[in-house]
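**Student:** Residue-level listing of the chains:
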Amino acid sequence: MGTTTVARPATGGIAASRRRRVVGLATLVVILVIASALSLAVGARALSLGEVWHGLVSGPQDDQRLTEIRLIVRTVRVPRTVLAVVAGVALGVGGALIQGYTRNPIADTGLLGVNAGASFAVVTAVSVFGLADPFQYMWFAFLGAGLAGVVVFGLSSIGRGAGNPLTLALAGQGITVFLAAMTTAIALGDQQALNALRFWNSGSVAGVGFDVIRPVGAFVAAGLLLALFTLPSINLLNLGDDVARGLGVHIARIRITGIVAITLLAGAATAACGPIAFLGLMVAHIARYLTGPDYRWLVPYAGLLGALVLLVCDIVGRLVVRPGELDAGVVVALLGAPFFAALVWLGKFKNA
Amino acid sequence: MNGTELKPSLAPGLRLGTVSFVWRPWVALVTLMLAAAAFLLFCLSIAIGDFPISLSRVVATLFGGGEQVDRFVIMDLRMPRALAGLVVGIALGVSGALTQSIARNPLASPDILGITGGSSAVAVFLVTVSGGAATAISDAVGLSAAALIGGLGTGLLVYFLAWRRGVDGFRLILIGISVSAVMEAITTWLLVKADIRDVARAQAWLVGSLDNRSWNEVWIALWGTLALLLVVTCVAFQFKPLHFGDDVAAGLGVRYGAVRAVLLLCAVLLAGIAVSAAGPVPFVALVAPQVAMRLARCPTPPLAASGLFGAVLLLGADLVARAALPVTLPVGVITAAIGGPFLVYLLVRANLK
Numbered sequence: 014m015g016t017t018t019v020a021r022p023a024t025g026g027i028a029a030s031r032r033r034r035v036v037g038l039a040t041l042v043v044i045l046v047i048a049s050a051l052s053l054a055v056g057a058r059a060l061s062l063g064e065v066w067h068g069l070v071s072g073p074q075d076d077q078r079l080t081e082i083r084l085i086v087r088t089v090r091v092p093r094t095v096l097a098v099v100a101g102v103a104l105g106v107g108g109a110l111i112q113g114y115t116r117n118p119i120a121d122t123g124l125l126g127v128n129a130g131a132s133f134a135v136v137t138a139v140s141v142f143g144l145a146d147p148f149q150y151m152w153f154a155f156l157g158a159g160l161a162g163v164v165v166f167g168l169s170s171i172g173r174g175a176g177n178p179l180t181l182a183l184a185g186q187g188i189t190v191f192l193a194a195m196t197t198a199i200a201l202g203d204q205q206a207l208n209a210l211r212f213w214n215s216g217s218v219a220g221v222g223f224d225v226i227r228p229v230g231a232f233v234a235a236g237l238l239l240a241l242f243t244l245p246s247i248n249l250l251n252l253g254d255d256v257a258r259g260l261g262v263h264i265a266r267i268r269i270t271g272i273v274a275i276t277l278l279a280g281a282a283t284a285a286c287g288p289i290a291f292l293g294l295m296v297a298h299i300a301r302y303l304t305g306p307d308y309r310w311l312v313p314y315a316g317l318l319g320a321l322v323l324l325v326c327d328i329v330g331r332l333v334v335r336p337g338e339l340d341a342g343v344v345v346a347l348l349g350a351p352f353f354a355a356l357v358w359l360g361k362f363k364n365a
Numbered sequence: 002m003n004g005t006e007l008k009p010s011l012a013p014g015l016r017l018g019t020v021s022f023v024w025r026p027w028v029a030l031v032t033l034m035l036a037a038a039a040f041l042l043f044c045l046s047i048a049i050g051d052f053p054i055s056l057s058r059v060v061a062t063l064f065g066g067g068e069q070v071d072r073f074v075i076m077d078l079r080m081p082r083a084l085a086g087l088v089v090g091i092a093l094g095v096s097g098a099l100t101q102s103i104a105r106n107p108l109a110s111p112d113i114l115g116i117t118g119g120s121s122a123v124a125v126f127l128v129t130v131s132g133g134a135a136t137a138i139s140d141a142v143g144l145s146a147a148a149l150i151g152g153l154g155t156g157l158l159v160y161f162l163a164w165r166r167g168v169d170g171f172r173l174i175l176i177g178i179s180v181s182a183v184m185e186a187i188t189t190w191l192l193v194k195a196d197i198r199d200v201a202r203a204q205a206w207l208v209g210s211l212d213n214r215s216w217n218e219v220w221i222a223l224w225g226t227l228a229l230l231l232v233v234t235c236v237a238f239q240f241k242p243l244h245f246g247d248d249v250a251a252g253l254g255v256r257y258g259a260v261r262a263v264l265l266l267c268a269v270l271l272a273g274i275a276v277s278a279a280g281p282v283p284f285v286a287l288v289a290p291q292v293a294m295r296l297a298r299c300p301t302p303p304l305a306a307s308g309l310f311g312a313v314l315l316l317g318a319d320l321v322a323r324a325a326l327p328v329t330l331p332v333g334v335i336t337a338a339i340g341g342p343f344l345v346y347l348l349v350r351a352n353l354k
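So the sequences go chain by chain: W and X.
For what it's worth, the working numbering labels the leading residue of the first sequence as 14, then goes sequentially.
For what it's worth, the working numbering labels the leading residue of the second sequence as 2, then goes sequentially.
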């Protein structure tokens with residue numbers, strides 16, 4: 014880490030600022046644990062924390078009520094909570110990485126065409142291949158998300174426009190609208206596909222078991238590992254391609270690693286939950302506000318914040334329209350957008 | 002030809018009282034050719050159908066002659082659709098050119114500014130929520146008008162939310178994205194809750210289509226668009242210096258805040274009219290100004306050429322959707338199918354230069 018690009022803070026030395034960031038990170042972890050506990054307790058049937066604990070650790074019981082609690086906690090609440098954390102980390106880190114690679118403050122996984130690619134693949138899976146089980150078309154969603162992401166990133170990396178935020182945004186917009194219209198064209202003629210699409214489309218962390226979460230978790234872990242290696246280089250890339258090259262960064266290799274990491278993270282999360290727009294964009298900005306521009310700190314913060322925001326939005330969605338539920342993706346947009354607008358209004362984002 | 006736009010001082014000028022033009026023959030030629038293309042496609046749109054009519058008969062009927070049968074088929078059956086395509090295309094093209102110029106960003110199409118999202122949310126709400134206020138509203142004012150109001154309301158909301166000692170293009174885009182996201186979330190939620198038959202109806206509206214236009218709807222769109230184009234033409238003379246940035250514009254004596262507010266309002270209204278007449282047809286407002294700009298070799302989207310290319314794009318896409326494919330598709334699918342790859346092609350070509 015000899016080639017650090019951290020701006021020296023105005024007050025206190027580097028050691029002090031590092032201590033502050035570590036404390037912040039630890040605080041986030043604690044809040045995340047509390048939110049997870051809440052997520053296990055809140056729902057159609059509210060449980061006390063004691064009951065949750067009992068449901069988690071106890072073995073089979075004779076008591077009817079305790080068996081029920083155990084069932085709810087283990088088969089409904091735990092998978093839901095774990096998926097919210099895994100997908101939240103993936104989307105948060107993915108959003109921060111995209112902003113880092115594109116130097117684009119409004120970059121989001123949705124902007125890369127990942128969500129549109131996944132939707133298109135789901136509709137194709139249902140309509141053309143006749144798949145009906147969400148577990149089957151999840152793999153299509155993953156494939157679609159990945160292909161769309163690679164195509165958009167690839168198109169925007171050709172020639173002179175490489176690394177230009179506008180090129181990437183335009184390429185993403187082009188692919189997104191194109192795929193969305195094709196999706197609609199298929200869905201209009203096929204009611205079954207339309208039905209699958211509208212449920213998958215809302216972005217929910219509920220109703221998925223560990224059979225889905227395990228492969229998703231593996232992809233996310235691989236993406237995080239790759240992301241970890243590229244963090245110092247993103248700092249250098251943000252000084253401009255020429256400077257980065259001069260400092261010994263192998264630009265093409267780093268970009269490709271970044272694309273693969275982002276695709277793994279966003280693709281896995283989107284495949285499991287449906288398109289959750291806006292989360293990555295939002296938490297990347299909050300993280301930048303908290304840590305400053307150093308990606309070695311920004312990215313972990315964004316991951317934890319992503320998990321926290323998705324978890325809280327899922328909990329809120331269970332509470333606000335009882336006895337029904339709002340999907341987490343809808344709550345993310347409904348809460349996140351005004352928050353984001355407020356930040357814009359306060360002038361937190363500068364035209365980079 | 003290359004480089005004329007870089008040396009405006011060498012271009013001959015034309016002065017009429019207080020109003021002056023720069024005479025650019027290439028821009029005028031491109032605009033004329035686009036107008037001719039739009040008229041040709043308009044006539045083709047009328048000519049092609051289950052009962053084909055030759056182009057000469059179409060033109061004769063349009064100018065007052067023609068046989069009785071042709072008059073009926075053309076004026077009562079085909080005209081509303083063709084006119085809707087022409088008007089909506091022009092409205093979207095001009096709207097996109099205005100928003101892209103004001104925000105100084107090619108991404109700033111009406112879709113980004115929340116107009117499309119707002120009218121979609123209102124339309125889907127009226128289609129999917131049955132009974133009570135929703136039915137009363139859609140019976141009283143009609144789906145199109147309600148969608149128009151929804152789009153305008155959202156557009157104005159974005160504008161006022163982005164207001165902070167004036168409106169800055171970057172802030173406008175960011176606020177637009179966030180408000181659009183809210184509208185999309187509401188739309189998605191409505192679709193999840195709704196009956197599947199209603200969902201199909203809503204989805205058909207969401208993709209954008211010129212099917213089954215009535216004269217009634219077309220008249221509203223036509224007069225609305227004409228009135229707005231008049232306002233835009235009057236104000237746009239003040240607009241040119243805005244491209245140099247606020248400070249230069251102010252130095253040249255332009256009240257940029259007022260000019261921009263009026264033009265943006267016109268852009269929002271034009272997009273709203275287009276959406277209420279044809280649904281949220283994707284890509285025309287984004288692509289038309291960009292193509293017109295390249296054709297006319299201007300540094301910013303030229304208004305007239307953008308509108309005309311919008312009409313060419315929409316009418317051409319509608320012809321393809323109706324006549325060239327084995328299945329009939331809504332025009333929005335075709336504009337997206339043409340627009341998406343074309344945008345990508347433009348990007349790649351620009352990058353490889």
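Honestly, the hints are just simulated from the structure, not real lab data.
In this text, a Cβ means the ideal position worked out from N, Cα and C, and glycines have one as well.
One should not assume that every hint holds.
[As the list claims (entries may be wrong)] Simulated coverage check for chain W against chain X, where a stretch passes if three residues somewhere in it have a Cβ under 8 Å from a Cβ of chain X: (1) 46-59; (2) 155-161; (3) 190-197.
[As the list claims (entries may be wrong)] Just so you have them, the derived chain W footprint on chain X, three or more residues with Cβ under 8 Å: (4) 80-87; (5) 118-130; (6) 203-212; (7) 277-291; (8) 330-342.
**Student:** Quick one: which hint numbers does this structure break? Sort them smallest to largest.
**Tutor:** Of the numbered hints, 1, 2, 4 and 5 do not hold.
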